[in-house]
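Protein chains in written order, with this note's numbering: chain B, 1 to 276; chain S, 1 to 269.
Bear in mind the hints are in silico, worked out from the structure with no lab data behind them.
Note that CB positions come from ideal geometry on N, CA and C, so glycine has one too.
Hints are not guaranteed to be accurate.
[Said to hold, decoys possible] A short list of chain S residues far from chain B (calculated; beta carbon distances all over 12 Å):
id	residue
1	G67
2	E124
3	S190
[As the list claims (entries may be wrong)] Rough simulated footprint, nothing fancy, chain B against chain S, three-plus residues with beta-carbon under 8 Å:
id	region
4	81-95
5	100-112
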Amino acid sequence: MDLLHYAFMQRALLSATIIGTVCAVIGVYVVLRSMSFIGAGIAHASFGGVALGFLSGINPLFTTILFCIATAWGIAFLSEKRKIHEDSAVGIFFASTMALGILLIGLMKGYNADLFGYLFGNILAVSAGDVTFSIIIAVLVLGLIWFFYKEFLLMTFDLEMAQVTGLPTRSLNLLMMTLMAVTIVISIKSVGIVLVSALIVTPAASAYLLSSDFKSMMRLSVLFGVASSWIGLLLSVWLNLASGATIVMVATLLFFICYFISAQRKRLKQPEHASS
Amino acid sequence: MSAEIVIECLQLSVAYQDKLALEDVTFSIHRNEFWGILGPNGSGKTTLLKSMLGLLTPVQGTIRVFGVAPQKLGPLRDRIGYVPQHSQIDFNFPLQVHEMVLLGRCRKMGLGRRASGEDIEAVEKALERVEMQHLAHRQIGRLSGGERQRALIARALALEPEILLLDEPTAALDVSATEGFYEWLHHMHSQLHMTLVLVSHDVGVVSQYVNAIACLNKKLVAHGRPTDVLNQESLEQMYGCDVMLFQHGKVPHMVVPSPAHHHESPHQE
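The task is simple: from the sequences and hints, build the whole structure.
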């Protein structure tokens, strides 16, 4: 464990903890509201944002955040009008923002290696500035989710009821989409555009299988998220593998273990609850 | 029926998904009455309920709840409890009964606020009323059909509402559970001073327990006391409409005014 003395490794572990936590928390809502595809869509949209940053010379983090929030709102707007289904809205943005990214890269002179880093991520290469930025965003995201805990819970559980009771569901939905977008942005440098949605969906889906109440799902999801980030990171360093991919594989392995446990539990419970 | 009017529809027409679902409906509901809104599928019952809740806006006419348009109720909203159709709820959601009931008070508690002692008390009282205190910590998916329904009612009761709106509350219950449920609802109505409005297609069963019915078939076919509406000559005309729309062999059982035949009627799960 001499590795832990290196600053880059400490940053990577800190980053893994932050991202593992915040993705897992957002993931709970994503899984319960069946928004996984939106997550993947926004993640892919970030490619356009990153390319825009490189081309304009502005810090890609900022262009990406703006770009992803705009995409999230665009998806929300299109599907709210109900002219088309939400998954179609995502599908349109998913590909078109990627296409925009590709076109923008074409405009740039020469090949940019950094861009590749955004696609697949490199948690060992995150800078101190990246970590600071992600801490700020994570605190903001977690703080807002803590504040709107019961509102987000009701909207996730029963949107119509939320409307009936007079909650500002539209604004809250946009806020939720925004939080998802910024969570994705702070994660792409570590796990990559292609893999970030797995870090959001998988730990929460694992937790869903084993939870009977919302808070325990939240806790388990964070536990799974952080555990897979740490285990994946350490494994990747030890075995000299791509870190983002290893983290996702560990999270997926955890998911199948949970799936197996939940299937066993169900089998044990069945005789007792034949009626329901 | 000299009590105060709490819900009033005046020549109300409402469209649902670009189609006119309710046309020219006029009637009023007084405080503490127990209404059954009856009619076949697609007759506009749920549309009427959603209009009362302010989820749909009239294309013509007006609807008033506590004297104001439902969209403009503001804090008056807390005086209305809503029990949605069973099928709208995801019972696999990781949520325990008491958590779900507390969510009924979500808006009343205030944005970003946590549950106060008063909120917890209201939840306990609501669970007591539906006789489910012992199930407070059970996951909602592990409740039986009847318990799920009562838990949803508890969620609405947590607001201590003056009006309770129920959308097809027995859709997931079998025949005997349905009768038991209406008994219980009737009992609750006589204990709590509350206006109940219940949407159902169970003409026969419902009319035994409510004190007023409105028969919908896009238009308001008839309304008033069940005995008046179901026994007068307008009955034929009303059932004529029903027969036309009910196409799954249920009609004969519903037309017979005697409740003795209900156990024969096919029911859906």
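Verification of the hints:
{"no.": "1", "hint": "G67", "result": "holds (17 Å)"}
{"no.": "2", "hint": "E124", "result": "holds (18 Å)"}
{"no.": "3", "hint": "S190", "result": "holds (26 Å)"}
{"no.": "4", "hint": "81-95", "result": "holds (count 8)"}
{"no.": "5", "hint": "100-112", "result": "holds (count 10)"}
Of the numbered hints stated above, none is contradicted by the structure.
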